[in-house]
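Hey, can you work out the whole structure from these sequences and the hints?
In full-length UniProt numbering, the protein residues as written are 1 to 332.
Hints in this document: simulated from the structure, not taken from any laboratory.
As the structure is a prediction and not an experimental result, all values here were calculated from the model.
Treat the hints loosely; a few may be bogus.
To be verified - Straight-line Cα separation of at most 27 Å, DSS-like style, residue types lysine-lysine; simulated pairs:
| id | residue 1 | residue 2 |
| --- | --- | --- |
| 1 | Lys327 | Lys295 |
| 2 | Lys208 | Lys229 |
| 3 | Lys17 | Lys327 |
| 4 | Lys149 | Lys208 |
| 5 | Lys182 | Lys34 |
| 6 | Lys208 | Lys182 |
| 7 | Lys78 | Lys123 |
| 8 | Lys243 | Lys229 |
| 9 | Lys74 | Lys26 |
| 10 | Lys123 | Lys74 |
| 11 | Lys243 | Lys208 |
| 12 | Lys26 | Lys40 |
| 13 | Lys17 | Lys78 |
| 14 | Lys26 | Lys78 |
| 15 | Lys196 | Lys34 |
| 16 | Lys208 | Lys55 |
| 17 | Lys229 | Lys182 |
| 18 | Lys34 | Lys208 |
| 19 | Lys34 | Lys55 |
| 20 | Lys229 | Lys295 |
| 21 | Lys291 | Lys328 |
| 22 | Lys17 | Lys291 |
| 23 | Lys291 | Lys327 |
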Amino acid sequence: MPENEGQLRPPHHPHDKGYRQLLSDKRVFLELLKTFVREKWVEAIDADDLILVNKSYVLQDFSEKEADIVYRLKTRDKNVIFYVLLELQSTVDYLIPFRLLLYMVEIWREIFNNTPQYERESKHFRLPPIIPAVLYNGAGSWTAALSFKEMLDSYQDFSGHLLDFRYLLFDVNRYSEEELIKAANLIAGIFLLDQKMRPEELVGRLQKLARVLRRLTPDEFRHFTTWLKNVVKPRMPGDYSAKIDGILDASNPWEVERMIYNLELTLEEMQQQALLKGLKEGELKGKLEGKLEGKREVARNLLLLNVDIETIVKATGLTPDEIAVLKKQMEQ
1 MPENEGQLRP PHHPHDKGYR QLLSDKRVFL ELLKTFVREK WVEAIDADDL ILVNKSYVLQ
61 DFSEKEADIV YRLKTRDKNV IFYVLLELQS TVDYLIPFRL LLYMVEIWRE IFNNTPQYER
121 ESKHFRLPPI IPAVLYNGAG SWTAALSFKE MLDSYQDFSG HLLDFRYLLF DVNRYSEEEL
181 IKAANLIAGI FLLDQKMRPE ELVGRLQKLA RVLRRLTPDE FRHFTTWLKN VVKPRMPGDY
241 SAKIDGILDA SNPWEVERMI YNLELTLEEM QQQALLKGLK EGELKGKLEG KLEGKREVAR
301 NLLLLNVDIE TIVKATGLTP DEIAVLKKQM EQ
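Rendered as structure tokens:
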């Protein structure tokens, strides 16, 4: 399978870009596996043996919904493909096992077509195993089937004869805060920030991660600040985007506390501005409502004096329909 063939589709939302950039670093990808996959084969993987496949296998039917990351593990005795589907929607798609199958078959088909005929017709020809995975960051629980056979009708009756696979699931919101902080690495810190939270909770979570952030390499720290720009920053009011950019661009691992402090000041300023804006809007609304009620009171008094509607319109600025409603209310 050519490693740099084809083009990745542009991302449809910030999370696509955030996770793609993050997991395109093979060391971060390996950290994802070693942190959250409890299987022996993971420990034997070396980052130097991983090759990012610069191609998306997401079909056109689903291109508005998802993105993917593909890695090839190439060693002297192993040729394995890791296929990670980024399911970054608010709701679960129950077709996930079927969609994964389509993408896996597409990869195998490409490998078959790119293998010389004499090799693929040999009794020694083998397709590489594909390890499918789903990274999901929705707030709701993941309720889709975890194995392909569960999508097949009456699979219990024919289980020995059916195609089946079970995918890895990285469910961001299901990991506990304690587990993520204990992992003490970049990907766990990202997951903690990606979990559902209010904007004002950001500083508290960063403070909990300060010790972890201080230990990151400059490259890892840049991944971290890029994540904040791509994913967390868009949740904030637009007026403060440039200010947050400046703070993150000037940050480094050995001055994490300063970064957090500056972000805290900016967020407090943002909240104060929002509060003042709300108060001003409330004041203005009150004044307008008071002014309107004053006009209605004048109209009622003029109606009691049997003044004609045309004159009341000129005196109050109310419409004839509004005055007619007031007159009807007074007659009840």
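Against the structure, the hints:
no.	hint	in the structure
1	Lys327 / Lys295	14 Å, holds
2	Lys208 / Lys229	19 Å, holds
3	Lys17 / Lys327	61 Å, violated
4	Lys149 / Lys208	42 Å, violated
5	Lys182 / Lys34	14 Å, holds
6	Lys208 / Lys182	11 Å, holds
7	Lys78 / Lys123	18 Å, holds
8	Lys243 / Lys229	11 Å, holds
9	Lys74 / Lys26	13 Å, holds
10	Lys123 / Lys74	21 Å, holds
11	Lys243 / Lys208	23 Å, holds
12	Lys26 / Lys40	19 Å, holds
13	Lys17 / Lys78	30 Å, violated
14	Lys26 / Lys78	17 Å, holds
15	Lys196 / Lys34	24 Å, holds
16	Lys208 / Lys55	37 Å, violated
17	Lys229 / Lys182	25 Å, holds
18	Lys34 / Lys208	22 Å, holds
19	Lys34 / Lys55	24 Å, holds
20	Lys229 / Lys295	50 Å, violated
21	Lys291 / Lys328	21 Å, holds
22	Lys17 / Lys291	50 Å, violated
23	Lys291 / Lys327	19 Å, holds
Violated hints, in rising order: 3, 4, 13, 16, 20, 22; the structure is consistent with all others.
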